[in-house]
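Participant: Chain by chain, the residues run as shown.
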Amino acid sequence: MRINCPYCGERSIEEFTYRGDASVQRPSGDADLEAFFRYVYVRANPKGRIAEHWHHSGGCHAWLVVERDTLSHEIFSVRAAREPSGGGERGGGA
Amino acid sequence: MKYSVFSLVRQAMKGHADWPRVWRMAKPRPAYDIVIVGGGGHGLATAYYLAKVHGLKRIAVLEKSWLGSGNIGRNTTIVRANYLLEGNEPFYEFSLKLWEGLSQELDYNVMFSPRGVINLYHSDAQRDTFVRRGNAMLLHGSDAVLLDPDGVRHYAPMIDMENGRFPVHGGLLQPRAGTARHDAVAWGFARGADSLGVDLIQNCEVTGLSIRNGRVEGLETSLGHIGAEKVGLAVAGNTSDLARMADLDLPIESHVLQAFVTEGLKPFLDTVVTYGMGHFYISQSDKGGLVFGGDLDGYNSYARRGNLPLVEHVAEIGASMIPRLKRLRILRSWGGIMDMSMDGSPIIDTTRIGGLYLNTGWCYGGFKATPASGWCFAHLIANDTSHDVARGLRLDRFLSGHLIDEAGHGAQPNLH
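Residue numbers (numbering that gives the first Met the number 0), protein chains in the order written: chain A, 0 to 93; chain B, 0 to 415.
Rather than coming from a laboratory, the hints here were simulated on the basis of the structure.
These numbers come from a predicted model, not from an experiment.
Don't be surprised by glycine CBs; every beta carbon is placed ideally from N, CA and C.
Worth double-checking, as some hints may not be accurate.
These stretches of chain B come out as covered by chain A in the derived footprint (C-beta under 8 Å, 3 or more residues) [what the hints assert, rightly or not]:
1. 242-251
2. 301-310
3. 397-411
All chains, full assembly: derive it from the sequences and hints.
Facilitator: This is how it looks when you write it as structure tokens:
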């Protein structure tokens, strides 16, 4: 797998560190225990398309959101995590 | 048919042309009392113990491919009970005791070889944590021996003790641990279950679960509807996919783990050794190949193949521990999909759906757990209560905070 970092271009998977599912959102501080339990522990774990956080730890240190297929490992899009979703997407190598 | 020296001689006289099938090729009946999904080690062991220990009938095992085609057929065959925590060690010690009598129990040679497992340590601090873990093992009635450098040299003289960066200070040995023939474990449990009347149905993929009023009624499969009063899921990396059919969200991620085997060698390593400064474990199979593995590839995956950077990483660690590995060629590598739980420990529990039982979260420790997992899952399905040694392996521990986090990595499954 190679990931197309929006800042550095296409780089080998070895430069990146995996964080996990990017779809989970931290609940507000006054949310109940169940909401925090789901945030910390429960994962959809899809067989197919997933959006996930990768850190370019061996490069520019940017946090990225990578859309990828967990069965084929094809990468559909890469964007900086700081950008709102839907904007600034770039294609990535599979 | 009982396997014995007499049956061997009898068949030899007939030119080995008259051996009966090891199990029937069962066709599904319209309904069963209990259906186990997943014809791997854990599923087959569960079916076997349901029939043998609990005397239950009308049991089926559904397997989407062939029996033993999942992780039971793609692992590094290590059997050990060297855990620290209360929720784990009694369970794995129970499993090790079952391993010790498994060939006799099944009348099938699973080639359990208690050749010892040594965890190397490389610093005073690491020795202290290993002493603590060894003492915990002893207190739980298991066995553990602390080795000094000469002790390690005695068991595994090929290890680079004077490694410039990570010199070996000693090791924690569990003498009763070892390896087993992984396929034979699946085949032995399959044969045992079949002879007790369990239907083993291969090439039968589950596509849906029929649930009415919060209770399971049966399964939709590629071979049609099959009624079931109780359904047990033992499907490793596919757990989330099946649980979705019952609207269950689980603390599980699926990750790929690779393993490797080299070309065959003369006897070289007669124990199992794990590195303390990198994730690497190695043993020698009876065919002579060195079997070893390392870390997960590190990202969610349902693909049964791994990436090349990890191959290089594992090979580097191996060569750092045993420099003469550099001269060897890797013959084969393979990947299996692990059901990684959020604390690195398994789950054997009921669910909020009546009659639906869950066996998952084995991370990459599923093989050694096979007999105990089957025993405890059968106990749960038969009695609706957890077995004593599996009492901590509950699904609700993530909500209640009673985690069993052996490595202390937190809710980051790719690090367990």
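Participant: Would you mind marking each hint as holding or not holding in the structure?
Facilitator: Each hint tested on the structure:
1. 242-251: holds (count 4)
2. 301-310: Our answer is that it holds, as 4 residues pass the Cβ test (under 8 Å) against chain A, meeting three.
3. 397-411: holds (count 4)
Comparing the model with each earlier hint shows no violations; every hint is respected.
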